[in-house]
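Protein chains in written order, with the working numbering: chain U, 1 to 153; chain S, 154 to 247; chain P, 248 to 365.
No lab work stands behind these hints: they were computed from the structure. Among these hints, one or two may not hold up.
[Claimed, not checked] Calculated lysine to any residue pairs in the SDA-like style (CA-CA distance at most 20 Å, straight line): (1) P:K280 x P:L263; (2) S:K199 x U:Y92; (3) U:K60 x U:G45; (4) P:K280 x S:L164; (5) S:K199 x U:P106; (6) S:K199 x U:G97; (7) P:K275 x S:L161; (8) S:K199 x U:P105; (9) S:K199 x U:I114.
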Amino acid sequence: MLSKIVRTVTNEFMPVIIIFGLYIIAHGHLTPGGGFQGGAVIVSGVVMLLVAFNHQEVRKVLRERLLSIMESTGALIFIGLAFAGIGTAFAYNFLVGTPIFGRIPPTGPNPGDIWTGGVIPLMNFAVGLKVAAGLTAVVLAMALFSSGEEIEE
Amino acid sequence: MRRQVTGLILLLVLVAFLVWGMQLIHPFGYPDASNMDDYMIENAQKETGSNNVVTSVVFDYRLVDTLGEATILFTAVTGVLLLLRTLRRKKESS
Amino acid sequence: MMEHIPLNFPFLAAALLIGISVYILIFKRNLIKLIMGIGMLASGVNLFLVALGYRAGGGAPIYTGTPEETMVLPVPQALTLTSIVINVAVLALMLTMVILIYRHTGSLDSEKSRKMKG
Numbered sequence: 001m002l003s004k005i006v007r008t009v010t011n012e013f014m015p016v017i018i019i020f021g022l023y024i025i026a027h028g029h030l031t032p033g034g035g036f037q038g039g040a041v042i043v044s045g046v047v048m049l050l051v052a053f054n055h056q057e058v059r060k061v062l063r064e065r066l067l068s069i070m071e072s073t074g075a076l077i078f079i080g081l082a083f084a085g086i087g088t089a090f091a092y093n094f095l096v097g098t099p100i101f102g103r104i105p106p107t108g109p110n111p112g113d114i115w116t117g118g119v120i121p122l123m124n125f126a127v128g129l130k131v132a133a134g135l136t137a138v139v140l141a142m143a144l145f146s147s148g149e150e151i152e153e
Numbered sequence: 154m155r156r157q158v159t160g161l162i163l164l165l166v167l168v169a170f171l172v173w174g175m176q177l178i179h180p181f182g183y184p185d186a187s188n189m190d191d192y193m194i195e196n197a198q199k200e201t202g203s204n205n206v207v208t209s210v211v212f213d214y215r216l217v218d219t220l221g222e223a224t225i226l227f228t229a230v231t232g233v234l235l236l237l238r239t240l241r242r243k244k245e246s247s
Numbered sequence: 248m249m250e251h252i253p254l255n256f257p258f259l260a261a262a263l264l265i266g267i268s269v270y271i272l273i274f275k276r277n278l279i280k281l282i283m284g285i286g287m288l289a290s291g292v293n294l295f296l297v298a299l300g301y302r303a304g305g306g307a308p309i310y311t312g313t314p315e316e317t318m319v320l321p322v323p324q325a326l327t328l329t330s331i332v333i334n335v336a337v338l339a340l341m342l343t344m345v346i347l348i349y350r351h352t353g354s355l356d357s358e359k360s361r362k363m364k365g
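Sequences and hints are given; from them, build the entire structure.
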């Protein structure tokens, strides 16, 4: 546990970091970014939490079963969207033209519209979920293993 | 002593080969074979519907590569969690 | 307008990074320094991939906002993204094995953990 100033500043900064990571994931088809980059930003926020607090306190909030369910859900959504357009080909973008996410932007430079992109924003969300949950589990396992001598499951 | 001299000679041969090879590539800033990229820059907005050409290459034109990369990430996370678990149980029972 | 950069300097920087990391892999014995050398090798290869797709006077390949006239090639940037994620996965597995080796033998020297006991 670090001093009181570090703990208070960490408590104030965590929602800002998580919202910034979700913004990078959600606008992946308009600005530079996407699923992998936004997931890495969220994991860096969790690492800051691990450094400021004791690792046993963090373990009470993030359980391992929840992280495993989140990662498997992300992988299943990704494979489901790849198989959903199997009428034409394996990985076909079947949402372009339909009113869910399928407007087509005008050619040339334009201010972006968020309801474009076809199946790309949904895949950004699935990959971001998978990367965030997986790398959080790895960092948590390494921190618990190398410094905990009395761990009870 | 002989091992270090052999290592130094091999390192010098590798660096000389790399520096010589970098002079034979196209001059920096003027790529010569860019037919596929020109097609993607022109037709990415009509066919995929997104403004970001790099994201549409990663998630629409080359989706199978991204599927393989997600599989590698999943396997690595499973392997790390598997290796750091059995020793915890051995410390419990001892 | 066809002014070429002498000696193809960005490619030379990537070759220098690869040369330094091979020197680390041959001559150093500490396990953590070897892992740092492998990470530096990954950085050199990624720099080479991104520098291959540059067009003189070009901007980012994104249509939102006000871009410039020509755009750089987008495909090497997509390949670099995949390469970075794969390097993170391999580095995580290597660090886990270093933790287990330290717990098993008690030292971080790579010469002491060469013999395999039956």
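Right, here's what the structure says about each hint:
Annotation: proposed proximity of K280 of chain P to L263 of chain P holds, straight-line Cα distance about 18 Å (limit 20 Å). Using a Cα cut-off of 20 Å, the hinted pair K199 of chain S and Y92 of chain U holds, with the two alpha carbons roughly 15 Å apart. With a CA separation close to 17 Å, the supplied pair K60 of chain U and G45 of chain U stays within the 20 Å bound. Between K280 of chain P and L164 of chain S the alpha-carbon distance is near 18 Å, which keeps this suggested pair within the 20 Å criterion.
Proximity of K199 of chain S to P106 of chain U is assessed by CA-CA distance (about 8 Å); at most 20 Å being required, the pair is judged to hold. Taken as a hint, the K199 of chain S and G97 of chain U pair is honoured in the structure, with Cα atoms around 11 Å apart against an allowance of 20 Å. For a cut-off of 20 Å, the pair hint linking K275 of chain P to L161 of chain S stands: about 13 Å separates their Cα positions. For the given pair, K199 of chain S sits about 8 Å from P105 of chain U by alpha-carbon distance, which is consistent with the 20 Å threshold.
Only pairs whose Cα atoms come within 20 Å are accepted, and K199 of chain S paired with I114 of chain U is accepted, the gap being roughly 16 Å.
Every hint, counting from the list given before, is met by this structure.
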